[in-house]
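Peer 1: Here is how the chains run, residue by residue.
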Amino acid sequence: MADRQEIALMAHLMRRAGFNADRDELERRAAQGYAQTVEELIDPPVHALRADSNQLFRYQPSLETGGPATHPGAANWLYHMVNTQRPLEEKMALFWHHVFATGNSKVDNDNHIIAQIDMFRDHGMGNYRDLLIMLAQNPAMIYWLDNHENHKRSPNENWGRELLELFSMGVGHYTERDVFECARAFTGWTLGPKIPRVPNHRFFFQYEFRPEEHDYGEKEFLGRRGNFDGFDIIDIILEQPACPRFIVRHLYNFFVADEPQVPAWNIEPPRDPEAIEYLARVFTDANFEIKPVLRALFNADFFKAAMFQKVKSPVETVVGTLRLTGDLQGPQLELVEVGQESAHMGQSLHNPPSVEGWQTGRDWINSGAVVQRINFVADRVSNLELPGVQRIVERVAAANGAQMAPAELVDHCLDLIGPLDVASETRQELIEHASEEGGVSWSDRAGYARAAERVGEMLALIAATTEYQFG
Amino acid sequence: MTTETRAADPVLVIIQLSGGNDYMNSVVPYADGHYHDARNGGLCIGEDEVLRIDDEFGLHPTMAPLNELYDQGDLALVHGVGYPNSPRSHFRSMDIWHTCEPTKVGTEGWVGRAIRDLDPAGVNPVTGVHIGQGLPRALVVPGVTVASVADLSTYGLLTGVEQQRQREKMLERFVNMYGRAIGTGNVQEYLGRTGLDALKGADILKEGLGRYETSVEWGTEQISRSLRDIATIHCADLGTRVFYTQLIGFDTHANQKPVFEKLWTDLSRAIADFWDDLRAHERDRNVVMFLFTEFGRRVRDNGSGSDHGAGGGCFVIGPQVTGGMHGEFPSINPKDLDQGDLVPNHDFRGVYSTLLEDWMGLDAQPIVDGKFEKLRFVEPF
Chain X
131 MADRQEIALM
141 AHLMRRAGFN
151 ADRDELERRA
161 AQGYAQTVEE
171 LIDPPVHALR
181 ADSNQLFRYQ
191 PSLETGGPAT
201 HPGAANWLYH
211 MVNTQRPLEE
221 KMALFWHHVF
231 ATGNSKVDND
241 NHIIAQIDMF
251 RDHGMGNYRD
261 LLIMLAQNPA
271 MIYWLDNHEN
281 HKRSPNENWG
291 RELLELFSMG
301 VGHYTERDVF
311 ECARAFTGWT
321 LGPKIPRVPN
331 HRFFFQYEFR
341 PEEHDYGEKE
351 FLGRRGNFDG
361 FDIIDIILEQ
371 PACPRFIVRH
381 LYNFFVADEP
391 QVPAWNIEPP
401 RDPEAIEYLA
411 RVFTDANFEI
421 KPVLRALFNA
431 DFFKAAMFQK
441 VKSPVETVVG
451 TLRLTGDLQG
461 PQLELVEVGQ
471 ESAHMGQSLH
481 NPPSVEGWQT
491 GRDWINSGAV
501 VQRINFVADR
511 VSNLELPGVQ
521 RIVERVAAAN
531 GAQMAPAELV
541 DHCLDLIGPL
551 DVASETRQEL
561 IEHASEEGGV
571 SWSDRAGYAR
581 AAERVGEMLA
591 LIAATTEYQF
601 G
Chain B
1251 MTTETRAADP
1261 VLVIIQLSGG
1271 NDYMNSVVPY
1281 ADGHYHDARN
1291 GGLCIGEDEV
1301 LRIDDEFGLH
1311 PTMAPLNELY
1321 DQGDLALVHG
1331 VGYPNSPRSH
1341 FRSMDIWHTC
1351 EPTKVGTEGW
1361 VGRAIRDLDP
1371 AGVNPVTGVH
1381 IGQGLPRALV
1391 VPGVTVASVA
1401 DLSTYGLLTG
1411 VEQQRQREKM
1421 LERFVNMYGR
1431 AIGTGNVQEY
1441 LGRTGLDALK
1451 GADILKEGLG
1461 RYETSVEWGT
1471 EQISRSLRDI
1481 ATIHCADLGT
1491 RVFYTQLIGF
1501 DTHANQKPVF
1511 EKLWTDLSRA
1521 IADFWDDLRA
1531 HERDRNVVMF
1541 LFTEFGRRVR
1551 DNGSGSDHGA
1561 GGGCFVIGPQ
1571 VTGGMHGEFP
1581 SINPKDLDQG
1591 DLVPNHDFRG
1601 VYSTLLEDWM
1611 GLDAQPIVDG
1621 KFEKLRFVEP
1631 F
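Respectively, the protein sequence lines represent chains X and B. Just so you know, the first sequence maps onto residues 131 to 601 in the numbering used here. Just so you know, the second sequence maps onto residues 1251 to 1631 in the numbering used here.
Calculated directly from the structure, the hints in this document are not laboratory data. Predicted, not measured: the structure shown is a model, and the values here were computed from it. We put the beta carbon where it would ideally sit given N, CA and C, even for glycine. Be a bit skeptical, because a hint or two may be false.
What the hints assert, rightly or not - Straight-line distance between alpha carbons at most 27 Å, and here's what the computed DSS-like set of lysine-lysine pairs gives:
1) B:Lys-1507 x X:Lys-324
2) B:Lys-1419 x X:Lys-282
3) B:Lys-1456 x B:Lys-1419
4) B:Lys-1419 x B:Lys-1450
What the hints assert, rightly or not - Taking beta-carbon pairs under 10 Å as the criterion, some of the chain B residues facing chain X (in silico):
5) His-1284
6) Leu-1421
7) Asn-1426
8) Ile-1498
Claimed, not checked - Not the full set, but computed from the structure, chain X residues with beta-carbon under 7 Å of chain B:
9) Asp-276
10) Pro-393
11) Gly-476
12) Thr-490
13) Arg-492
14) Ile-495
15) Gly-498
16) Val-500
17) Val-501
18) Ala-508
19) Gln-558
20) Glu-559
21) Ser-565
22) Glu-567
23) Gly-569
24) Ser-573
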């Protein structure tokens, strides 16, 4: 049997590399070991499946298409995040959605964003160079950053600029001239003519390279001179030390601990410069393969020491709660409604506020978001009809016989919702709340029913603590 | 503070147009040949299309309600607003507008600072109200509370706990636990304060919601719903001094014409409904509305849209506003452009200073971090 320390570490790994796990899963994983679990998350065994798309579309075919709306696509993704047995795959898709933030506010055909997320799911742990090329040829991205309007005679800088500023190196590592030359190199990377829409169907854009639109002339980019095209530009970017540092800082901010917001990165040094240098070296040595850098990150001491160093993102809050409580398993109708919950907390899937992605860390917290997230979690962890909550109740009931002191109730609840460490004053407050009704008795039917309710209330109150907002 | 003085306190309503509004196609220099040369890719608004405001300028055809406000002398157009070395990045530009820090990354928002000065002890958690999701950096200052409301009708804490008595007990515990986080000086403390203020703010707003009735038939677009929420809270006399909301979608690199038309159609209607509603409630005299965007767009269009530029403009609306045009519209003669962009001639911090000092009665210098030229587009209330 794993001790509390091992369970806590495993819970940390599963919060970060996945979306929470219930106690049964934590114990199973802890028994097989930490390093082995990291391997399984990075290279899932064949029997670990993604959520079943066919099943979803059989019951909710409308979640396949979005058009101007994002709620079908957000519901679709929520289904995947809640039901997958390969949680790191979904987490990495979410990571790239944040870094390569593309929004349906402009794309206005959410099928393309769904397809882009599918691409992140399939290739998000592959090679970063491949991913950049796929991104440059991704119809949603081309439309989002106007590369279809990037012509030989009238270059449009939008994609060229964001590729450098937000997708690879960050501000301060290129000139305005580089932006322009970069844009020129991607002229002709465009969308093929689209079949006009019919009343209830839109056709897909297709990527197309049009030689007559491409500027074959000489370019000067980051100190190099040549007749560069988009592939050359990406290769030159990958030679810049700023590039791996920028991407691994994103990984650090996403998986380890909160960094300042991205626009400050060329001004404020990283929280842990050694970690960034280490990960950047691994990334470069691995020829920009993503799995080795994830392996290094999750096995690093700085990762293991970073428990509760991050404010949970809205999506982590929602999906983590659903997975913990066993809510919304399978192709449920409520997916559409619950798929909007993270948006109410400030993170609208398929619709990041800008190409910069979301402002993370403490910026997730404001008086509106706090209300949303506490209410969402409290409503579920106190719902005794949910299988995950029932499992928690059963564990608490079985913990030490028929009678239980209020303090024991509190400690078991803190353990099973986390394990969560809270300040001693917080624990005291929880105990006082539990004490108002005296000891807990699981002995008879009526006693058991009330005791179960008290577990639910206690979990709701814990979900409202400041401590629970960190993951 | 009594209700009577509250009703008279100046109120500022800020609308952020996110993405970079094309000011040159909002306030169109239709008589200038250079405009027609630059916008020959389909974006040009012809002389016969603009809503003329004088022999040189006209409003975009979708802005009829704003044109009416202009004719009444309630709309001020502030030309040529910007700052040196505009970075042309949305995020950086918006950060600069939010923090008043053009040379380094700021962490405090100017509106948040103003709220701190309006309510230094943080007595009223709804002194500043944001309608929307998350909190724009303009409103973020450590220790300053802003109620951020996504949906006014369902706002409240632990609303799922059915038994009222039990809910009250839990909220008491909540207050105790969050109160203890105060003084720890980290994200926990920030959370603690935010939680407590959210609770208090929710109670206040809930009370206000019950008092609002309107005869105006508001639109259903997002911006209409946001401004309606603002009207609701303002008319309830809850002591809110600054409102903030945003409309997104102004980043019109491509397909600008229909997108821009829809944005301004929706926005113009919502603004007109807002003022109608406030007038009907006799709550319009102490309100000024301010519209800004992170930058204007490049002078020459790109065939179907326009790229990031510099030097935009602002709109200021209200009965106490000195209507008309203020400042100077930058020259669009190609020889006067800077890398294809308008050269702004009025620092945005000067616009803020006018609003803060002449309207809100605050000392602008510490808020915008410096002294900047003001324009007289508002009459002190």
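Peer 1: Does each hint fit the structure? Answer for all of them.
Peer 2: Hints, verified against the model:
no.	hint	result
1	B:Lys-1507 x X:Lys-324	holds, 20 Å
2	B:Lys-1419 x X:Lys-282	violated, 68 Å
3	B:Lys-1456 x B:Lys-1419	holds, 20 Å
4	B:Lys-1419 x B:Lys-1450	holds, 15 Å
5	His-1284	violated, 18 Å
6	Leu-1421	holds, 9 Å
7	Asn-1426	holds, 5 Å
8	Ile-1498	holds, 6 Å
9	Asp-276	holds, 4 Å
10	Pro-393	holds, 5 Å
11	Gly-476	holds, 4 Å
12	Thr-490	violated, 11 Å
13	Arg-492	holds, 5 Å
14	Ile-495	holds, 6 Å
15	Gly-498	holds, 3 Å
16	Val-500	holds, 5 Å
17	Val-501	holds, 5 Å
18	Ala-508	holds, 6 Å
19	Gln-558	violated, 9 Å
20	Glu-559	holds, 5 Å
21	Ser-565	violated, 12 Å
22	Glu-567	violated, 10 Å
23	Gly-569	violated, 18 Å
24	Ser-573	violated, 23 Å
When each numbered hint is compared with the structure, violations occur for hints 2, 5, 12, 19, 21, 22, 23, 24.
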